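Undergrad: If you're matching them up, the sequences are chains A, B, C and D in order.
So in this note's numbering, spot 150 of the first sequence is number 154, and the numbers just go up one at a time.
So in this note's numbering, spot 175 of the second sequence is number 179, and the numbers just go up one at a time.
So in this note's numbering, spot 255 of the third sequence is number 259, and the numbers just go up one at a time.
So in this note's numbering, spot 213 of the fourth sequence is number 217, and the numbers just go up one at a time.
If you are wondering where the hints come from, they were derived from the structure by calculation, not from laboratory data.
No experiment lies behind these values; they were computed from the predicted model shown.
Please note that the accuracy of each hint is not assured.
[Stated by the list, open to error] Derived lysine-lysine pairs resembling DSS-like cross-links, with alpha carbons at most 30 Å apart:
1) A:K274 with D:K274
2) B:K97 with B:K125
3) C:K116 with B:K232
4) C:K209 with D:K39
5) C:K39 with B:K116
6) B:K34 with D:K274
7) A:K116 with D:K262
8) B:K262 with C:K116
9) D:K109 with D:K225
10) C:K209 with B:K209
11) A:K209 with D:K271
12) A:K144 with A:K262
13) A:K258 with D:K109
14) D:K225 with A:K209
15) C:K39 with D:K262
4 protein chains.
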Amino acid sequence: MINVAIMGATGYAGEELIGILLRHPGVRIKNISAKIEAPARISRIYPKFQNRIDLVCAEPDLKEIIASCDLVFLALPHTVSMEFVPKLIKAGKRVIDLSADYRFKDAAVYEKHYNHRHKDKTLLPAAVFGLPEIYRARIKTARLIANPGCYPTASILGLGPLAAFGLVEPGSIIIDAKSGVTGAGRKMSESFLFPQINEDFKAYKVDVHQHAPEIDQELSKLAGKKLKVTFVPHLLPLNRGILATIYARKTPAKQRAKEKLASLYRKFYKKEPFVRIRDEGEFPALKDVAGTNFCDIGIKESAECIIVIAAIDNLLKGASGQAVQNMNIMYGFAEDTALL
Amino acid sequence: MINVAIMGATGYAGEELIGILLRHPGVRIKNISAKIEAPARISRIYPKFQNRIDLVCAEPDLKEIIASCDLVFLALPHTVSMEFVPKLIKAGKRVIDLSADYRFKDAAVYEKHYNHRHKDKTLLPAAVFGLPEIYRARIKTARLIANPGCYPTASILGLGPLAAFGLVEPGSIIIDAKSGVTGAGRKMSESFLFPQINEDFKAYKVDVHQHAPEIDQELSKLAGKKLKVTFVPHLLPLNRGILATIYARKTPAKQRAKEKLASLYRKFYKKEPFVRIRDEGEFPALKDVAGTNFCDIGIKESAECIIVIAAIDNLLKGASGQAVQNMNIMYGFAEDTALL
Amino acid sequence: MINVAIMGATGYAGEELIGILLRHPGVRIKNISAKIEAPARISRIYPKFQNRIDLVCAEPDLKEIIASCDLVFLALPHTVSMEFVPKLIKAGKRVIDLSADYRFKDAAVYEKHYNHRHKDKTLLPAAVFGLPEIYRARIKTARLIANPGCYPTASILGLGPLAAFGLVEPGSIIIDAKSGVTGAGRKMSESFLFPQINEDFKAYKVDVHQHAPEIDQELSKLAGKKLKVTFVPHLLPLNRGILATIYARKTPAKQRAKEKLASLYRKFYKKEPFVRIRDEGEFPALKDVAGTNFCDIGIKESAECIIVIAAIDNLLKGASGQAVQNMNIMYGFAEDTALL
Amino acid sequence: MINVAIMGATGYAGEELIGILLRHPGVRIKNISAKIEAPARISRIYPKFQNRIDLVCAEPDLKEIIASCDLVFLALPHTVSMEFVPKLIKAGKRVIDLSADYRFKDAAVYEKHYNHRHKDKTLLPAAVFGLPEIYRARIKTARLIANPGCYPTASILGLGPLAAFGLVEPGSIIIDAKSGVTGAGRKMSESFLFPQINEDFKAYKVDVHQHAPEIDQELSKLAGKKLKVTFVPHLLPLNRGILATIYARKTPAKQRAKEKLASLYRKFYKKEPFVRIRDEGEFPALKDVAGTNFCDIGIKESAECIIVIAAIDNLLKGASGQAVQNMNIMYGFAEDTALL
């Protein structure tokens, strides 16, 4: 039985974490905190938790968190996590950080794309990028997990085998991604009011989104060479889900290879409990993965081009579900506990 | 050709007014203003107006408005309108005010329900409640129109004949109303963010909404006696439209009368261009009126009870469409100009 | 460990049952059937179940179902269930029927409102109306459960205490109910196409819906006298959830009583794991119960009238969740197993 | 004043045509027909047209149509139009066909992609592809207009200048298109039921959609050489609008050219009343064009790649709006009559 704290409980990822962990037989939620005007029962903030959890959500009290918990989930905004992480690690706690603060090995990349000085570079080398499909072994013993972004989770899983086996031209990768509104976090902005989003659809941060370098970093590692994607995110008028439609030109290596891509993907993800590959030419819809921790992938090959579609629930495999999957790996629970 | 100003152009009603008036052959929009951080072309604020109107929207400049316009539309928040109305009237302008500031004959009722002192009681007697179906004759010559609220428009039109002919018990009227999100105005509030509204539905201000006394005032006038409704509004996950489901117990007078209610309603609204009565037992859907200035009404009678359903587009018949209908009456345009 | 069959797996309730039962540690799904053109893996029909269940869904084979299962869920259309139930009961199986076929004690009421002859009146007396909050003791030993309708579940739970204690005038009850689209089942009809429903809202079967007599039957029992409600359902542009706004005139008994209604409701539902009462004057939203098996209830009292709002997820507490709650009671599982 | 007939009035495009033409001062709708079980007033089929048009919609009666109309709009399914067109043309009528039947100069392409023999090849050479931005001169005198598909309208307008000036590599063009649900027509299919579409998003007909060859045909003409796009359409959970995100590699010619693409696009579309170009790096949203006949285009250039986003309302510029624009050109009305 492990004791956990959730910092940032009033955001969408924090809310989702509470829901998942309440179903987890090996976890006790001991502390819930957030930037909040006045302390309030979490079941007042989210009436859906009435009769299910009785904790009060208040401003974070690190001393209390350290005294009562083994593991801390940080569902905090970018740049805020690194205020707390060093103290928690120093106190011997294990940490799963859902923000971007520890995702980049090169602090300069973070600083450029998040437009903020990095205050805790010393922990960067020890932080493990929390994508179990690639880093499971290191996650087991990690003290600090940098939980991946939602777009990167879908994109890296969708492109992983192609990058690893050198099947696509490095400069040709286009990721046309579409996300539900919770992907942007609970932000007070006129552009997220219901009548602005409903019956609308648009691209944003065209080719300048901060998740692109995260995708580049991980795909480059898999490919063994520098790789840079064209990334265009769009905003869908729905609550949850990311669908990434990916296009890339084949390399001569691929053109020679005879094996069906779906079969190659199946081998690559053979032991993965949360990656499902469709038959060649069949593609996932958001509703196949919404409310689940799965990443579903479909593939089609034309004469010159490969088309891959990867779908996840941005709050589960793209955030809180993956965080709990990481926790399950770290503490030896069955990897799918509370996630099915 | 008349020259008009629109104050409060950045709200939903202001935006809708621009769209309607751009199609009006007898109107020139001369001035557009709003509470705004910095002046901006209205076609930058609403790209849909690109190539269609080139005015700059800035903080209101009353002097300029008075110099250039015959008629001023105020699409301002409640309590703000009455800062401007007296000056405009004094300068000889005609005014159509979409706020609640001049809707109540008794300032005390306004002050109680809007929780704000009324600063311009002298103009209250002259203000005409802008519901053409009841006050058309007075609207023609009015200098100041108090454009009705959206819920009151649907409710008063739906109950008008019943109140006027004494067919229902005064204390028995229940209005269960449902509104699209634009009905609440463009408010920055967490509860209006897309993921809060989408896939959700709820009642709010249960039996304490500020539109109830507006309904009471007008129905009491029609009935010739004091009448008080039970009013429960709900928030629909869609952009535009109000549907009010109305229940009332029949009086003995009604129980004796043989005439079908639908036929009685048709007579009552015989000359009305924007009220449509369904056959007895058939009811309107929001999509029948969305994007139109119509109020559609369906009626059904059971042994003891009458059920009426009235539907409007809250931004058209419930706000800006009705405002232009009033303008058409005031200036002698065909009443449906720019409204079909 | 019990073995179950699901008949009617291609409807919304059947799909939901599979999802819930896959999380239930005491249940093995052994047989899945439906009216279907050709047998197909259930994970092809619902790709979200890929890697989770591997059964083939085919036309029902009663012999096989009887041989392999202890309990059968019937998620079949009305009038179809009674073709199968007698045979299953005769073979010694326990049955939870989600259709309306066994809900009415008086077959004549069923025949009138479902416009179909009842073919199995002999089992009607033994069938238990599966609302645990009222019939838990009988559910424990029942062989045949008539799982309640979605509107009746919300309405009866919302009105239960008022009916039982005689606090409202029997003829005055108005239920203005609003349901998500899955409430109507997976019907091929032009009126359920996305563009017909999206951005629309309307009433249907005004005062003639077949769930009204089900509500009347159960409230009359609770009240100990004949009671008849006015029931108007509406269709919401969202997937799941029912919110019933209920109005009733107080009896003199209520007018004398001093106790707050919320407190009286809390006592009435004191031991109920799935009913939650809000503080007086606070009301539930659909999103508080969507995805859960809870029924949330809010109450407000004015001078003459009581307003109650009850909210459920129509596919959970209104159908498949309640069916599993009944199963848990029948087999001695903790009542909330697989339901939190 | 011209007299028109609308064939196929019960589809989305037919419904939209009625709405537009009712606002057109130079048009009288004389005949409305559709495949329909029994004749019915069009105001019964669409209650929103109550009090506005009183015609009965029945099966088409060609003799009557020919006797009473100058111009016939065919909003019929593909393969049905060509049953009627030859007879109408022979009778001297002008025809605007919204189906695909006359869009292809090469009947073999049509037959391959629509999987149906072409029965009227003789009229193919005379049919004018109804994209005013390219064929205005020929539209003026055309007897038969093949109104373009919705995806092709957005795609061809978005890529037109790039193809015409040879700025992108012919084999590199990727069109990732997203459409609202009315784009698919009013089809009875389980996959278009509200709960299937709502909160979902998916690709369909990946790289095999029948609109791709229509795009290829027109872009090849503009480019003066064979051009073949990769086209992946997706289905958005909203009623109306198409947004196409287009990617292409630059040619050396483009790499040398200094002129901003936005400026080049503005010149190309200088006299077009319904094409609006955003400033470089700014992009349209669906809501900027929904309910309008505009095509809005945004452009961004990176080192190797050009990104273009084009947005239209699929029922207006993508179907019925463009059809009326063509009619305005054919009959010498101001081109934007009834379209603003």
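Undergrad: Hints first: check each against the structure and report whether it holds.
TA: Going down the list of hints, with the structure as the test:
| no. | hint | result |
| --- | --- | --- |
| 1 | A:K274 with D:K274 | violated (56 Å) |
| 2 | B:K97 with B:K125 | holds (18 Å) |
| 3 | C:K116 with B:K232 | violated (38 Å) |
| 4 | C:K209 with D:K39 | holds (28 Å) |
| 5 | C:K39 with B:K116 | violated (61 Å) |
| 6 | B:K34 with D:K274 | holds (27 Å) |
| 7 | A:K116 with D:K262 | holds (28 Å) |
| 8 | B:K262 with C:K116 | holds (28 Å) |
| 9 | D:K109 with D:K225 | holds (11 Å) |
| 10 | C:K209 with B:K209 | holds (28 Å) |
| 11 | A:K209 with D:K271 | holds (26 Å) |
| 12 | A:K144 with A:K262 | violated (36 Å) |
| 13 | A:K258 with D:K109 | violated (36 Å) |
| 14 | D:K225 with A:K209 | violated (33 Å) |
| 15 | C:K39 with D:K262 | violated (65 Å) |
Violated hints for the displayed structure, listed by number in ascending order: 1, 3, 5, 12, 13, 14 and 15.
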